[in-house]
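J.: Numbered per the working numbering, the sequence shown finishes at 579, counting up by one with no gaps.
Certain hints may be false.
What the hints assert, rightly or not - Derived pair list, reagent style SDA-like, types lysine to any residue, alpha-carbon separation capped at 25 Å:
no. : residue 1 : residue 2
1   : K313      : K442
2   : K314      : V417
3   : K524      : K442
4   : K464      : E563
5   : K442      : P462
6   : K524      : P569
7   : K442      : R408
Simulated from the structure, these hints should not be mistaken for lab results.
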Amino acid sequence: MLLFILAYLGGALTIVSPCILPVLPFVFARAGQPFVKSGLPMLAGMAITFAGVASLAAVGGGWAVQANGYGRIAALVVLGFFGLLLLLPSLADRVTRPLVALGARLSESASGSGDSASTAATSFLLGVATGLLWAPCAGPILGLVLTGAALQGASVQTSLLLLAYAAGAATSLALALLVGGRVYATMKRSLGASEWLRRGLGLVVLVAVAAIAFGFDTGVLTRLSLASTSKIEQGLLDRFRGAGAPATSAATPAGAALPIEGKMPPLTGAVAWLNSPPLTAEGLRGRVVVVDFWTYSCINCLRSLPYVEAWAKKYKDQGLVVIGVHTPEFAFEGDLGNVRRAVRELAVSYPVAVDNDRAIWRAFDNSYWPAHYFIDGQGRIRHHHFGEGEYAQSEQVIQRLLAENGARGVAGGVVSVVAAGAGASADLNEPQSPETYVGYLKATGNDNPDGLIEDRAHVYPPTKPPPVSHWTLGGAWTAGAEAATANAAHATITYRFRGRDLHLVLGPGANGRPVRFRIRLDGKPPANDHGADVDAAGAGAVSEHRLYQLVRQGGPSREGSFEIEFLDPGVQAFAFTFG
Numbered sequence: 001m002l003l004f005i006l007a008y009l010g011g012a013l014t015i016v017s018p019c020i021l022p023v024l025p026f027v028f029a030r031a032g033q034p035f036v037k038s039g040l041p042m043l044a045g046m047a048i049t050f051a052g053v054a055s056l057a058a059v060g061g062g063w064a065v066q067a068n069g070y071g072r073i074a075a076l077v078v079l080g081f082f083g084l085l086l087l088l089p090s091l092a093d094r095v096t097r098p099l100v101a102l103g104a105r106l107s108e109s110a111s112g113s114g115d116s117a118s119t120a121a122t123s124f125l126l127g128v129a130t131g132l133l134w135a136p137c138a139g140p141i142l143g144l145v146l147t148g149a150a151l152q153g154a155s156v157q158t159s160l161l162l163l164a165y166a167a168g169a170a171t172s173l174a175l176a177l178l179v180g181g182r183v184y185a186t187m188k189r190s191l192g193a194s195e196w197l198r199r200g201l202g203l204v205v206l207v208a209v210a211a212i213a214f215g216f217d218t219g220v221l222t223r224l225s226l227a228s229t230s231k232i233e234q235g236l237l238d239r240f241r242g243a244g245a246p247a248t249s250a251a252t253p254a255g256a257a258l259p260i261e262g263k264m265p266p267l268t269g270a271v272a273w274l275n276s277p278p279l280t281a282e283g284l285r286g287r288v289v290v291v292d293f294w295t296y297s298c299i300n301c302l303r304s305l306p307y308v309e310a311w312a313k314k315y316k317d318q319g320l321v322v323i324g325v326h327t328p329e330f331a332f333e334g335d336l337g338n339v340r341r342a343v344r345e346l347a348v349s350y351p352v353a354v355d356n357d358r359a360i361w362r363a364f365d366n367s368y369w370p371a372h373y374f375i376d377g378q379g380r381i382r383h384h385h386f387g388e389g390e391y392a393q394s395e396q397v398i399q400r401l402l403a404e405n406g407a408r409g410v411a412g413g414v415v416s417v418v419a420a421g422a423g424a425s426a427d428l429n430e431p432q433s434p435e436t437y438v439g440y441l442k443a444t445g446n447d448n449p450d451g452l453i454e455d456r457a458h459v460y461p462p463t464k465p466p467p468v469s470h471w472t473l474g475g476a477w478t479a480g481a482e483a484a485t486a487n488a489a490h491a492t493i494t495y496r497f498r499g500r501d502l503h504l505v506l507g508p509g510a511n512g513r514p515v516r517f518r519i520r521l522d523g524k525p526p527a528n529d530h531g532a533d534v535d536a537a538g539a540g541a542v543s544e545h546r547l548y549q550l551v552r553q554g555g556p557s558r559e560g561s562f563e564i565e566f567l568d569p570g571v572q573a574f575a576f577t578f579g
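Whenever a hint applies, use it, and build me the whole structure from the sequences.
T.: Rendered as structure tokens:
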């Protein structure tokens, strides 16, 4: 909420910037003119100009996101430059002087148009001039919003912050139009205080840039991510992720016609397409389509991917198109470089839409990872399945839809999948601990006596072993919204779990250096019960943001005590999952 208030105030305060003063007399002169012919065109001209400036900034921010690590550095440089503009008015004046001069010339031209000064065209031109003059003044504050979005990628918060900013600017302009010249003198007198406010904000920005650049607060970026900035949406939708998502499907009696569940929504809004040019719902007419919503650190998604890949290959020549929609849960899953690497390492061959803005997710009104939607040749959804399992039934739906679509000799039987590592199938009938988040936003089962200390470095003392499906932190940690970050070497997490397999979503520190770790199972090295990402002695390393399989027991699901000790600082721990 504080960010939205600051964005609104930032928009409102732009009117007191010195470079807006040359155009304000012309704005005030129109306070008594007819609104339709004067005020409305001027507002439209200003809005269009603002939209253009914001769009250019957003494009630049999008490039920074695509550039992965280098883009983060570039975004921090831009953020630092904006901080200097706020701190040093003389620098801001020199940087914005060309645009100010251009806007002044436009304003002078419009005001000198004689009897036509009140026409809609002239008022629109004045709005453009106002926008050109206002945009450089707003640039530093508006840039802070857009650069912060660039660091984390596009999200609902970006749009809402820009809306709040525009509302603040509109409020100031409305005040100018209503009050007129009486407020003009007051603005001049307030410039001194506003300049000190701008300088103070600039200093805070530069300090924040330094802190982020040196990794002193690795939680800042994740707290601005899609998990923490869309809390209501995340709380309602993401709580069913993974193990919490029941394996449900549309029940259809054997031999009965598949129902029509609705029309296939559009596939617009993806920030990128992998393995294919962009696809459209209209262009897929005449083909049977399976849409698979997944994200690469979701264990349930990883276990269903081999089946989806097998369907894509088996029925490709008979008219089936499989589309993976990668919709991230954690901020790192929205990094295009991470997604490309995951698609390559997981050997996903079918088209993948990178749905960072959740546009396709919302179009399908989806709530689960994984979720499979089965669409016939006429573009109608005929079946769905949420979660793992029921692969044979899903494949039979594909066969029926292909036959309905006129395919001849549709392959029978069902695929046989033997996956290794994290993708190996789990026994869903055995009891297991639930998916457990470590970040405080959705954390459950924490058994530290004082709970999680939010957003502050804290040394968690040793505790007694937690009960089943509970966990504790030990050592120096900062508990963030999405993840807990180890502030020193030898930080630990202890979990009393029930299951055959144990996975933990982890990421290296802000500097990207690998973080070594050691695990113990019931107080001993795991030996033959080690997972794919750890050896028999319990040693491993976190080198990238992804899901790590740490325990894979040879026998059935059972209760056990798990401890992981990180030998280096900086690791980020996101969520446990089991199998």
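J.: Would you mind marking each hint as holding or not holding in the structure?
T.: Here is what the structure says about each hint:
1. Note on K313 and K442: the hinted pairing is violated, with a Cα-Cα distance of about 38 Å set against a maximum of 25 Å.
2. The hinted pair formed by K314 and V417 meets the criterion: a straight-line CA distance of about 12 Å does not exceed 25 Å.
3. Of the supplied pair hints, the one linking K524 and K442 is violated, its CA atoms being roughly 30 Å apart against a limit of 25 Å.
4. Under the criterion of a C-alpha separation no larger than 25 Å, the hint pairing K464 with E563 is consistent with the structure, at around 13 Å.
5. At roughly 23 Å between alpha-carbon atoms, K442 and P462 fall within 25 Å of each other, so this suggested pair holds.
6. About 23 Å separates the Cα atoms of K524 and P569, which keeps this hinted pair within 25 Å; it holds.
7. Proposed proximity of K442 and R408 is contradicted: the alpha carbons are some 49 Å apart, above 25 Å.
In summary, the structure is inconsistent with hints 1, 3, 7 from the numbered list given earlier, while agreeing with the others.
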